[in-house]
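*Asks:* Each chain is listed here by its residues.
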Amino acid sequence: MIGNDIIDLQVALSESIVLQQRRLDKICTLAEQRYIRQAENPWQAFWLIWTRKEACYKAFQRLHYIHSFCPHQIENQIDTSVILSDTICFRGKQFFVQTAIDGSKIHSICSSSEERLKEIHVLDDLQELLYLFDFKKDTKGLPFLQTKNNHRRIPVSKSSHGAFTAYALFKADIANLDATALIYA
Amino acid sequence: MTQTEILAKLTEIVRPYSQESTAMEHVSMETDFIKDLKIDSATLVDVVLDVEDAFGITIDNSAMEKMTNVANTIAVIEDAISRK
Numbered sequence: 001m002i003g004n005d006i007i008d009l010q011v012a013l014s015e016s017i018v019l020q021q022r023r024l025d026k027i028c029t030l031a032e033q034r035y036i037r038q039a040e041n042p043w044q045a046f047w048l049i050w051t052r053k054e055a056c057y058k059a060f061q062r063l064h065y066i067h068s069f070c071p072h073q074i075e076n077q078i079d080t081s082v083i084l085s086d087t088i089c090f091r092g093k094q095f096f097v098q099t100a101i102d103g104s105k106i107h108s109i110c111s112s113s114e115e116r117l118k119e120i121h122v123l124d125d126l127q128e129l130l131y132l133f134d135f136k137k138d139t140k141g142l143p144f145l146q147t148k149n150n151h152r153r154i155p156v157s158k159s160s161h162g163a164f165t166a167y168a169l170f171k172a173d174i175a176n177l178d179a180t181a182l183i184y185a
Numbered sequence: 001m002t003q004t005e006i007l008a009k010l011t012e013i014v015r016p017y018s019q020e021s022t023a024m025e026h027v028s029m030e031t032d033f034i035k036d037l038k039i040d041s042a043t044l045v046d047v048v049l050d051v052e053d054a055f056g057i058t059i060d061n062s063a064m065e066k067m068t069n070v071a072n073t074i075a076v077i078e079d080a081i082s083r084k
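Sequences listed follow chains A and B, in order. If you're matching positions, the first sequence starts at 1 in UniProt numbering and goes up one per residue. If you're matching positions, the second sequence starts at 1 in UniProt numbering and goes up one per residue.
By construction, these hints were calculated from the structure, which means they are not laboratory data. Please note that a few of the clues may not be correct.
[Said to hold, decoys possible] Stretch-level coverage of chain A by chain B, calculated; a stretch enters the list once three of its residues show a Cβ under 8 Å from a Cβ in chain B:
no. : region
1   : 19-30
2   : 122-128
[Claimed, not checked] Which residues of chain B face chain A? A few of them, derived with a C-beta cut under 7 Å, are:
no. : residue
3   : T43
4   : V45
5   : M64
6   : E65
7   : M67
8   : T68
By construction, the Cβ of each residue, glycine as well, lies at the ideal position given by its N, Cα and C atoms.
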């Protein structure tokens, strides 16, 4: 299970829009709303919460496919009102999430365990892999990489926003696939 | 309000949020906001809020969950109007 989500802060909706109460009520739990309001930068805190939810939703879809719009059900675990934990829950399942923030973007990755989370490899394009694989989507729209000889496929999570694109995949999958593809080439 | 009238109003609400001009010309009950109109989830919230304003209704979070396509959205709108 793998998911990632990126937000380009240059084009992200402004603070006055994203912090509207009726919008927050549709997206965030009460604990998340408290976290956002108490943050030093509430606008950035909102987008941090959002990317974590999106990354979790994408990871969940790999486990159990759903087509639903339920951001409020994806709960960031907040240790105190001001500290986010590294876990997030959705429909009774716990996921682990990690977020990187710099001045221009916020990026979250998510998986089902701490160990798997550490194995995630992030690329901003797939160019270096496309000599071995094709980027495809299954009938549900979930992306994967398929070896040119069709022997193997591995899950890949794609996220695009503004000027940024990020692909997340498991390092072990690339290593295995690389070897498999070369053997069958 | 007939289903056709709701569909016409909904199409105009969604139009500014979709870059898929061809798909926008053929919006039907089967149209999916995410797959067909390429509306991302951050923007789907805008659609839900605009629907509330345009129809003068309140959409709770359990109804919002279903609003990924036109048919479900029209059902949610009809239900909310009937309870006004």
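*Asks:* Which numbered hints does this structure break?
*Replies:* The structure breaks hints 2 and 3; every other hint is satisfied.
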